[in-house]
Amino acid sequence: MIAYLGRRLIQSLLILLGVSLITFALLYLLPADPVRQIAGRSATPQTVENIRQQLGLDQPFVIQYWRYLVKLASGDLGRSYIQRSEVTELIVSRLPASLLLMVGAILCELLIGLSMGLIAAVKRGTATDQTLMVASFVGVSAPQFVVGLLLLYVFAVRLSWFPIGGYGTWRHLVLPSLTMGILGAGWYARMMRSSMIDVLRQDYVRTARAKGLARSAIIFRHALPNAILPVIAMIGIDIGIFMGGIVVVESVFGWPGIGQLAWQAIQRVDIPIIMGVTLVSAFAIVLGNLLADVIAPFIDPRIKLR
Amino acid sequence: MKKFLASTVAASALALMLGMTSVRAEDTVDPNAKQGGAITITYKDDVATLDPAIGYDWQNWSMIKSLFDGLMDYEPGTTNLKPDLAESYEISPDGKTFTFKLRHGVKFHNGREMTADDVKYSLDRVTNPKTQSPGAGFFGSIKGYDDVAAGKAESLAGVTVVDPYTVKFELTRPDATFLHVMAINFSHVVPKEEVEKYGADFGKHPVGTGAFKLAEWTLGQRIVFERNPDYWHKGLPHLDKITFEIGQEPIVALLRLQKGEIDVPGDGIPPAKFQEVMADPEQKARVVEGGQLHTGYVTMNTTMAPFDNVKVRQAVNMAINKARIIQIINGRAVPANQPLPPSMPGYDKEFKGYPYDVAKAKALLAEAGHPDGFDTQLFAMNTDPNPRIAQAIQQDLAAIGIKASIQSLAQANVIAAGGDKAGAPMIWSGGMAWIADFPDPSNFYGPILGCAGAVPGGWNWSWYCNKDLDAKAAEADSVVDPAKAGERDKMWSAIYDKVMEDAPWAPVFNEQRFTMKSARMGGADNLYVDPVHIPINYDNVYVKDVQ
Chain Z
1 MIAYLGRRLI QSLLILLGVS LITFALLYLL PADPVRQIAG RSATPQTVEN
51 IRQQLGLDQP FVIQYWRYLV KLASGDLGRS YIQRSEVTEL IVSRLPASLL
101 LMVGAILCEL LIGLSMGLIA AVKRGTATDQ TLMVASFVGV SAPQFVVGLL
151 LLYVFAVRLS WFPIGGYGTW RHLVLPSLTM GILGAGWYAR MMRSSMIDVL
201 RQDYVRTARA KGLARSAIIF RHALPNAILP VIAMIGIDIG IFMGGIVVVE
251 SVFGWPGIGQ LAWQAIQRVD IPIIMGVTLV SAFAIVLGNL LADVIAPFID
301 PRIKLR
Chain R
1 MKKFLASTVA ASALALMLGM TSVRAEDTVD PNAKQGGAIT ITYKDDVATL
51 DPAIGYDWQN WSMIKSLFDG LMDYEPGTTN LKPDLAESYE ISPDGKTFTF
101 KLRHGVKFHN GREMTADDVK YSLDRVTNPK TQSPGAGFFG SIKGYDDVAA
151 GKAESLAGVT VVDPYTVKFE LTRPDATFLH VMAINFSHVV PKEEVEKYGA
201 DFGKHPVGTG AFKLAEWTLG QRIVFERNPD YWHKGLPHLD KITFEIGQEP
251 IVALLRLQKG EIDVPGDGIP PAKFQEVMAD PEQKARVVEG GQLHTGYVTM
301 NTTMAPFDNV KVRQAVNMAI NKARIIQIIN GRAVPANQPL PPSMPGYDKE
351 FKGYPYDVAK AKALLAEAGH PDGFDTQLFA MNTDPNPRIA QAIQQDLAAI
401 GIKASIQSLA QANVIAAGGD KAGAPMIWSG GMAWIADFPD PSNFYGPILG
451 CAGAVPGGWN WSWYCNKDLD AKAAEADSVV DPAKAGERDK MWSAIYDKVM
501 EDAPWAPVFN EQRFTMKSAR MGGADNLYVD PVHIPINYDN VYVKDVQ
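Keeping their order, the protein sequence lines are chains Z and R.
Read in order, the letters of the first sequence are residues 1 to 306 in my numbering.
Read in order, the letters of the second sequence are residues 1 to 547 in my numbering.
Certain hints may be false.
In silico contact screen, one side only, chain Z against chain R (beta carbon under 7 Å); selected entries [claimed, not checked]:
#	residue
1	R84
2	T88
3	V92
4	R215
Label-pair restraints from in silico Cβ distances [what the hints assert, rightly or not]:
#	chain 1	residue 1	chain 2	residue 2	range
5	R	T383	Z	L13	54 to 60 Å
6	R	G199	Z	I22	31 to 37 Å
7	Z	P31	R	I435	21 to 27 Å
Just so you know, these hints were derived from the structure itself, not from any lab.
Glycine included, each C-beta is placed from N, C-alpha and C at the ideal position.
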């Protein structure tokens with residue numbers, strides 16, 4: 001186990017290094033010049049050159065990347081070109097909001113997805129099953145931007161049940177979590193359905209039924225716990241999907257997380273922020289996958305870590 | 001009011017006797033304004049920094065104006081210059097020395113009195129390359145600027161502290177825009193001790209002399225301004241508090257405005273909702289329309305065939321149906337026939353420009369040796385409505401035989417292509433168009449039409465360089481005497497008329513501003529479309545529902 005973890009940690013570090021190199025190289029190759037974004041329109045060529053030198057952007061790629069890595073090793077992500085604040089400070093101030101949103105989204109997708117999948121499996125082949133599966137398909141394919149605006153319009157503007165965007169109370173959390181959760185819920189509904197159908201076919205379920213147990217007891221006590229475990233193990237992998245989703249959802253709802261930060265930085269070629277958010281996201285994804293793998297054998301003893 | 005006039009006349013007479021220009025002014029406060037109350041304003045993007053030497057976004061631009069002051073400012077809602085932290089100023093007859101007398105008793109938010117040393121420190125700081133100020137170049141006419149910009153000196157030789165309330169500027173050339181330069185944010189006065197205390201984070205802990213002070217800044221969420229009770233300008237500001245909520249999509253902001261949760265959506269009315277708002281009498285009543293110092297134009301690379309032929313450029317000017325393009329953006333603009341926007345001093349009302357005349361455009365193309373037209377490229381920024389406008393231009397050009405393929409790219413990439421001599425034959429400027437830094441006609445020339453901007457990485461995307469006009473521009477800018485401003489504006493009108501003869505641009509439209517506000521907000525309409533404060537003049541507006 002420890003050897004496995006060690007190996008995985010080294011792999012993770014290499015992945016992060018690779019991510020940093022690729023992102024840094026892509027940003028370097030971008031035809032847009034960050035210095036001109038900072039300098040604005042009225043800057044004289046001399047001002048532009050002065051800023052370029054101050055930021056060390058006149059250096060060759062290898063030196064720029066090396067300097068970045070050296071600072072990174074001491075935990076310094078640099079300062080934003082546009083905001084001039086420490087990138088670490090900007091990310092740390094926004095991370096709690098994104099994590100909260102992620103927790104809310106996971107709750108939503110599990111709650112909706114698992115119940116939909118469970119009902120569909122139990123009612124397999126009926127109109128209910130088909131309706132739920134079509135709904136899950138819509139959930140998976142609907143653009144989050146549209147879903148977000150629709151929810152906002154119906155539940156916040158028309159019905160006034162929730163505030164129109166913003167951050168602060170649990171009421172602010174509901175709609176963005178739901179928007180993020182609907183996508184995952186679609187996947188979970190499908191996975192849960194097949195997993196449940198699989199379990200319902202098992203011998204021990206047939207035995208339970210033969211013993212004359214109530215239908216609800218069979219489903220909730222015997223089938224559900226076994227069907228749910230492999231599905232839950234997928235949460236770690238979800239983090240990658242979330243990282244993509246938060247950029248859109250945070251923008252729609254004015255949610256002050258790192259997705260919003262990233263989107264603004266990309267528009268303005270604010271390289272230190274783009275690098276910082278990319279690394280933090282990559283770290284979260286790597287960690288999520290690692291956790292999913294480490295947890296798997298506890299959930300399903302057939303899986304062994306090697 | 002009478003007394004003020006008398007003193008101004010007396011001062012002017014005295015100045016004339018001394019062969020100098022001197023101005024002294026006091027301004028007034030709206031007598032109907034109510035004191036107190038709080039408003040909420042939303043923005044989509046983060047506020048980058050509130051450091052006046054660095055901030056250059058349109059949302060922090062007027063926030064900074066409310067936290068800091070400069071020697072000069074503009075009368076609220078207008079483009080008329082007036083002394084601000086300066087009480088009066090004198091310009092030497094040769095236009096190369098400006099002496100400002102400062103107001104007494106002006107205090108920074110930390111309680112210390114502002115003096116001439118702070119003015120000098122602030123200018124030394126903004127021009128120092130270590131500050132990385134995008135506005136450093138504005139101070140190029142001050143003696144000693146080159147040494148500071150090159151890192152050879154720490155202090156501008158041309159700025160002298162005569163006494164604690166007098167500061168003198170010596171310039172290397174007469175500069176008629178210098179008073180405007182003393183009004184832009186980059187020249188606003190900062191206290192040395194606070195800048196040194198916070199270092200690079202001063203922009204997050206701004207301390208100035210302005211009408212408001214920063215009370216709270218929660219990164220990515222909200223910024224709160226509180227009334228500065230010690231503000232030197234008695235009776236201002238009217239509001240006790242302004243809350244800026246950050247990260248709100250314009251469309252969400254509009255919904256919240258309709259529910260009465262906010263007072264001004266800072267990013268304006270989203271284009272998709274514009275017609276709906278204007279069709280609803282109740283909402284339309286709360287929209288204030290005004291001009292802005294903006295021109296949208298198509299540049300033609302004058303160094304690239306076939307646009308090196310003036311007839312081709314004139315043909316393009318006649319081929320574009322501006323009225324139709326304005327329809328595409330729901331009538332949020334007026335057609336343009338010259339580089340300057342109508343609200344800019346120097347705008348030539350008599351100038352007719354090129355008419356929309358397809359037959360004549362075709363004839364001009366034939367004369368230029370392209371009877372069947374030619375193939376070219378039109379670059380445009382890829383956010384709505386710019387690709388749609390580019391398509392309209394593409395269709396107009398096709399009507400005279402020019403087949404333009406559209407290159408729809410991210411803003412930074414279009415800017416990069418424009419700054420490359422062989423990069424872009426034609427660019428539609430939408431989304432990146434020139435908006436003046438200060439309301440002076442010269443601001444539309446140098447960087448975007450003058451030879452200085454026609455350099456790699458510059459903003460003169462038509463690569464138009466007319467040495468003769470550059471000389472005329474320099475001549476116009478040496479007319480420093482404010483009494484001759486009218487004469488100077490005429491010189492500038494003539495320059496732009498000549499530019500249009502050479503037709504490096506096809507001016508398309510001047511965008512109008514549409515600011516929406518809640519019903520409770522009061523104050524003259526021009527405060528809501530203030531040419532220098534966008535979206536609104538925070539210091540002078542008020543709310544009607546306070547006692």
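Chain R contact restraint for Z:V92 - C-beta distance below 7 Å: This interface hint is violated because 9 Å lies over the 7 Å limit.
Is 54 to 60 Å a correct range for the gap between the Cβ atoms of R:T383 and Z:L13? violated (38 Å)
Can the hint on Z:R84 be confirmed by a CB-to-CB distance to chain R that is less than 7 Å? Interface hint status for Z:R84: holds (5 Å vs cutoff 7 Å).
For Z:P31 and R:I435, compare the CB-CB distance with the range 21 to 27 Å and indicate the outcome. Check passed, 24 Å falls within 21 to 27 Å.
Could you check if Z:R215 really has its C-beta closer than 7 Å to a C-beta on chain R? violated (47 Å)
Is the gap between the beta carbons of R:G199 and Z:I22 within 31 to 37 Å? holds (33 Å)
At a threshold of 7 Å, is the proposed contact between Z:T88 and chain R supported by beta-carbon distances? For Z:T88, the interface hint is violated, since the closest Cβ of chain R sits about 12 Å away, which is over 7 Å.
When held up to the earlier numbered hints, the structure conflicts with 2, 3, 4 and 5 and fits the remainder.
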